[in-house]
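**Student:** Chain by chain, the residues:
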Amino acid sequence: MAEVVFDSVCKQYDDVVAVDALDLTIAPGEMVTMLGPSGCGKSTVLRMLAGLVMPDSGRILIDGNDVGGLTPGERDIAMVFQTYALYPHMTVAQNIAYPLRKRGVARAERMRRVRALAESLQIAPLLDRRPAQLSGGQQQRVALGRAMVRDPSVFLFDEPLSNLDAKLRAHMRGELIELHRRLGRTMIYVTHDQLEAMTMATRIAVMADGALQQYGTPADIYDRPANRFVAGFVGTPAMALIDGALLFQDNRAILGIGGLTVDLGIRRFRDRPVGTWQVTVGIRPEDVTIGNGPFAARISAIEPIGHETILTLEAGTARLCARVAGSSLAAVGETVRFALRQHRLHFFDVVSGRRIDEIGLAVVDGKAM
Amino acid sequence: MAEVVFDSVCKQYDDVVAVDALDLTIAPGEMVTMLGPSGCGKSTVLRMLAGLVMPDSGRILIDGNDVGGLTPGERDIAMVFQTYALYPHMTVAQNIAYPLRKRGVARAERMRRVRALAESLQIAPLLDRRPAQLSGGQQQRVALGRAMVRDPSVFLFDEPLSNLDAKLRAHMRGELIELHRRLGRTMIYVTHDQLEAMTMATRIAVMADGALQQYGTPADIYDRPANRFVAGFVGTPAMALIDGALLFQDNRAILGIGGLTVDLGIRRFRDRPVGTWQVTVGIRPEDVTIGNGPFAARISAIEPIGHETILTLEAGTARLCARVAGSSLAAVGETVRFALRQHRLHFFDVVSGRRIDEIGLAVVDGKAM
Amino acid sequence: MAALLRLRPATSPQALARRDALLGLLLIAPTVLILSAVIAYPLATTAYLSLHNVYTPTLATEWAGLSNYRAILSGGTFWHALATTLVWTIGTLALQLLFGVAMALLLNRNIRLRALARSLVLFPYFLATVVAVLVWRWLLNGLFGVVDHALIALGLIDTPVDWLGTMPNAMATTIVIGAWKFFPFVVIAVLARLQTVPAHLYEAARLDGAGSWARFTDITLPHLSGVLGLVALLRMIWDFREFDLIYLLTGGGPLDHTRTLPLVVYQQAFGLNQMGMAAAYAVLMMLLVLAMTIPYLARARGRR
Amino acid sequence: MSGARPAWRAAALTALTWVLVLLTTFPLLWMLLTSLKPQTELFALPPTFLPESISFAPYLRLLFDTPFPRYFANSIVLATATTLLVVAIGAIGAHSLLRFSYRGREALATLVLATYLLPSVVLIVPLYLMMVEIGLANRLASLIIAYTSFALPYALWLLRSFMAAIPEEMEAAARVDGASRIGAFVDIILPQALPGIGATALFTFILAWNDYLYALVLVNTDTARPLTTGVVTMFVTTFNVEWSMLMAASVLMSIPPIILFTFFHHQLSRSIGAAGVRS
Amino acid sequence: GDRTGGPTILRWWSPQATPEQVASYREQIRAFESRNPNVRIVFEPTSDEGYPTQFAAAFAAGQMPDLVTHLPSFAAQNYYDRGLIEPMDDVVAAIGADSFFPGALAPFRAADGHYCAIGIGSTAVDMLWYRQDLLQLAGIGAAPRTWDELRAACAKVQRRGLYGTALPYGMNSMTSLIFISIIHQAGGQLFTPELDVAIDSPPTYAALDFYRSMREFCPPGATIFSWGECLTAFVSGASATGIYSGRVLANVAAQNPRIADVIGCVAYPTLSRAIPPWTFNDFPSLFIPKGARNPALAKAFAISLFSPDIYPTQLRATPGHILPTLKGIVDDPVYLADPLVAKYQREIAMMAKLAANGHNLGMESPAHLPNLRAGEIIASNCIAELVQRVVLEGENPRLAVGQAASRLERLMSA
Ligand SMILES: Nc1ncnc2c1ncn2[C@@H]1O[C@H](COP(=O)(O)OP(=O)(O)OP(=O)(O)O)[C@@H](O)[C@H]1O
Ligand SMILES: Nc1ncnc2c1ncn2[C@@H]1O[C@H](COP(=O)(O)OP(=O)(O)OP(=O)(O)O)[C@@H](O)[C@H]1O
Ligand SMILES: [Mg+2]
Ligand SMILES: [Mg+2]
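Chains as they are written, first to last, in my numbering: chain Y, 1 to 369; chain W, 1 to 369; chain P, 1 to 304; chain G, 1 to 279; chain V, 1 to 414.
One chain only, chain Y, in its complex shape (with noise of 0.2 Å):
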């Protein structure tokens, strides 16, 4: 178990600011998922706290250790790749054993570590096979076998589920919070797949453009997120953001997003200014019930996952969606109404893009009730 910290970490690449001043501080034994578009920064966070790529400016210490110095070999981390880069010209438990030839471990101690692993993780009777032979869930299991066969400090995994098919990244994914549980680990995971991100992490790092947006519990992502960014990525299907007005009569606060007038009730919100307030509004597609309520929409789409539906609803100039159990009988073009749970809406400062927070709303493990 280590403590992980960035420390105002900088990496530039030519022309592109890849990570811009990251500081982030990772509990020891914390499973960190690390959320964001393509391109934002979240491997050269990991390549730089294995020693792969050198920062251009700040700190990473590893326990309190600056580990600026050291060589990857040295850091104590293990790390498995989204390509998983297993050595194809190696068997399977000579890929295993690799980590413990480089650092000398006698080779009869060797092959017993690496057969104990092999059981554990259901691949002893793959040991003498080469990468090339195996399913991709059996080469992501001997990734993950070589990661742990020196129980490092800390476990880095770069996306390391995205090239397998739906069924055995369920099954994966069980496994990865198996290990985590087990050997308490601090572990970073970068993934684009917020399912992953959401229900193996204790805390999701939400990054865009090299910059952290916000790092804190899957529920705190989801049900609080902290600027517009985090609204909009994180949730599938996302949730919907129309830009509105605040007014404030007699401290109710009354909404006006594209021509439907939402009475919010007695509200009090940090920082308001003086006047009309311009915020972003964001409704989840859970918050939005259908079947009766103060406001009509057109149906716009309807996709029908099996278990639940999700329906594209028009109302005047917003464009949201709405959740739904089990099959829907509604059709394209028919006119709903439907309501909005006010106390789970999402309002943004429109200039700056950052959560606005209500004053006197009782937070309980993430949930506002």
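Everything labelled a hint here was simulated from the structure, so no lab data went into it.
Mixed in with the good hints there might be a few duds.
Stated by the list, open to error - If you only want the chain Y side, here are some residues facing chain G, beta carbon under 10 Å, derived:
(1) 71
(2) 73
(3) 74
(4) 85
(5) 88
(6) 103
(7) 143
(8) 147
All C-beta atoms, glycine included, are put in the ideal place defined by N, C-alpha and C.
Dock chains W, P, G and V with the ligands against chain Y, hints included.
**Tutor:** Chains W, P, G and V with the ligands only, in chain Y's frame:
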């Protein structure tokens, strides 16, 4: 719009039977998605239809005409590949115009059509770039453009979105649905992704081991899976499949699974044998209701996904999942009570794996009432 | 080297990066060393000699200034030899590329005994040029040459052909034998590259209505362009400098119709014992090769 | 890639391929046949196709009455040493050009091609003077150095393009696993670059095996003379060409490159097949 | 090194290195070594075509061997002129100037009066070889003596599958050397004794005329013929006559024994009977480079090569081709012990005599000064070029000769 018929089509590679006596009739204008595990023969089906691979036996008809003797170029089919297969040395415009050039369309006319298409696909500013200079989503649209430009009677898609990230995928999914709606052409779409399969299709074809398992509407497939394979394959998390026995007393069916006994009430099943019936019971996560109910289970895992949470339950020797809305306050290890929505249970013959159909159960639009 | 690598631990990322760069330089050092020793020295010597009158066997030198260059550029030999060299280079290079690419395409298909065919076709490249030329002279021999006799037996000709003694036969034969000798080089490189063309592109093109010729011009050829560029560049340089083959095959004849620049250089240096002139010719040749190379390299760098 | 293509076309193309291959190889065949003909049959008119009586005399004379075996041994040493040297220097050089960053890297990669600028006839004398200066004249070492310098630039380019195809992550993984940069190179890059190394080795070997001009000038003693100059000096004079001996020698000379190619060809096709782990 | 006490090493170079010759060199070396136990002689073959390159490099680097044999006399003259090789007067004296055929030493007398080399052998290159059987068949009783007779004979014997003769028309040294002979056989010369260019003269035009007229009796491929092709054309029976040295004898024995008894040779015909035969003799030389590490020993070895017990061995390696320069050898029992030499004793004796009176461009006649540019003139191919211009390209002989003359002048003054 064209009807596509596979008439006992077989294809074998060396010792692998890739497609085994496929009989499938696709009505004009359908959007069919093909689902199935890796290597089940989906691509082979598309490639035979396109004329890239010759079937060993059987016939393929498009609008009643046997296309066996036609080259791919003569079949009036367009295909979008998983890798897009854009011609890397041609500009976007040249890529899109290529099928027209090969059909001898005059230069001016080509330019006109490419430009119009580019407008509608919103890639007009990219026309002079090379594929390598495009993002994944842009490449995808160029590939689409190349398929659309000559207005073929059948579109084939082989996992066209699998290389995109989640956000982009959702967006492109919407565009493809829109495309199908607008053009009304027959489309066949291979995918690994259930969400895609469910939301895009008018009908789904589920394959396994080269054989067609079920062909039906998304609701059919989800609500009335034809066999144990389809049941287990479609749905995330997967339907729990538990072996058990059905006992009949005065037309009441009593189900025994893993130590639990469930009185199913008066039920009539087709082909009921005398005595105990060895069956596999399928239970979808959304058909398990937590809180109270006749059964008790230990929570063995909790996966919060944001708008819902998946609980994994252990009840006796059985293991099943439950879907609950929002975040959950439960903890791993806790014991909870649960109920099953009995009319949504699925039964499969243990030996044949085939669905056991109930008699007299009203089925409205695939939704059991 | 080992000692250099075992530096004390770096103390900062910058030191680590510097150590890395040092290691990189160390790894390239042997290359630089060998090439500069074996190339730079002769290069400088050649430049020096070209400004002198030099008697080859003694290398006794006598300052001549630019007179060698003046003599070369004002005489007809250089220009004629240059034209000959260009005809030879372009001719044989074109044939090598044409035949090399065609053969690679054929060998890339699934044919019977493909591995054997692939080995056999490389054979001309294995053969020492000296031997290859002698074999060809034997094959084309005016009296006992099996080629003439075979052609006569087939009724294609009725008297032996003078393959090497008259124009344009001599140039054509030389070009063809050069192509035969060196086309396997193209085959090896192209064959390796062909295996990396994504199969999907061909399928897409077939769906788009492209026939086999269109697939070749629209997909295969553009994919080969990179490797063909490098191969063509190297072969061009090497063909331009080719000495053994032509010298042994025709000796430059008939008259001077196949006397390329390297033959002129050789004759100047060792026949006429005028090393200074030879060096001046060589320097001019080098400038020509440079002029041919630079556009390619500039383009290659631009692409990267 | 099968498709709606008539089978006769495939057959015709196969036939065409083999016809071309056999045409290309005909000189080899003729060489072999000539080497087996007795002297008296060589100048028969019209020439016989198959030897009327087979004679191994040229081979026996070559092997037992001439310095051919010594030349052969010299050539083997020469070509092998050159190949090893070029592959070793080229591999580390290519790795450096590919995976390290320092100033002038790209320029260097271009500059190495400058080796090919001067015609070899001109390089010879200065090269020989230099070899004398450093005391290597008339030694195999002088040829090894010369060949190394001529094979190296191409080897470098070839290896670089092969090694560029090895994912950078592979090396990163090894370094994270505790390997030094050199360790990762030896353990991971080298084994995977084997096909490229094979092709490079083949090209280099052939270059060293077949050179004539440098061998002619740089080496004058039988103890260091390679096959090309040895054979030509023995059997080709302005007055006469001993065809049977020359052809027999050529046949024997062709054996090592063919063995080498067969070996590396196997390597090549095998490892290309394995390269696609999870593409 | 002698100082280290090991054996003294002598290096011996020669471009004549067929396996038979190398075997005979071994024998000669063994004989010398057995008498001088502290000496080791290493024979190193050099290339026949590429020797100028090798020698240039070796001279430049000071890496010369101790003894060189079988280079043309004009090469020796040229090197000597540049101070690269030792005078050989003492060696000549030790062997005895009188034991040589008269004229055999003349080509090696340098402008300063010293001998720059010794002729280790001689060759009579301009022999007209003919097939007695074929000439008889065509009704020709005697071997041709003039060009007209030769032409007539060729015309008579030539038929499909049999060529009248085989002359070299290629861009090579043979064409140059043979055509120089032809000029002489018309009574002309390339240079005056004072080495002024004299090629533009009637004999040259006559020679060109003759040479062009012979083209139709030669195989079509004669346009690239050089030594090897001319030799095999006759030996194989493809041509009824040929021009070559005594090498024909050995090759007929090995390659076409069927005609061994029906071949004969005479000196090559001349324009008219008034003009005596003229044969090109390239006088294979023996010389000792200046840089030799042990000139004294090298000279001792050189002298031993001419000793009566060793010299015939050397000649027997190429019977009839390399002919003796020492008198009395043709009747020497050791020499005659060779079956070929015995069989063709008459022809060999005739060739030896002709060769001893032969000349070459290095010294076109006894009256000429040594031509130090002879090597360069041959290497420049300007004579072969003259032949090709007139014969192959049909250029105006006057223009072509004029051009050749000016090239010769340039070469002489370079
Ligand atoms: N070696 C490099 N040279 C130049 N630019 C680079 C290099 N590596 C990364 N970059 C750039 O740095 C930025 C961040 O790259 P990084 O790989 O960290 O993104 P990422 O978040 O991992 O993306 P993805 O999700 O696509 O893997 C990108 O713009 C990328 O193009
Ligand atoms: N060209 C081929 N040669 C040999 N076997 C093949 C070939 N193409 C496909 N196969 C085999 O045929 C079977 C079906 O392959 P196909 O590509 O149709 O599967 P798929 O359902 O598309 O799989 P995926 O989802 O992985 O793309 C597989 O077992 C595969 O290995
Ligand atoms: Mg990344
Ligand atoms: Mg597929």
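**Student:** Run the structure past the numbered hints and jot down the numbers of the failing ones, going up.
**Tutor:** none
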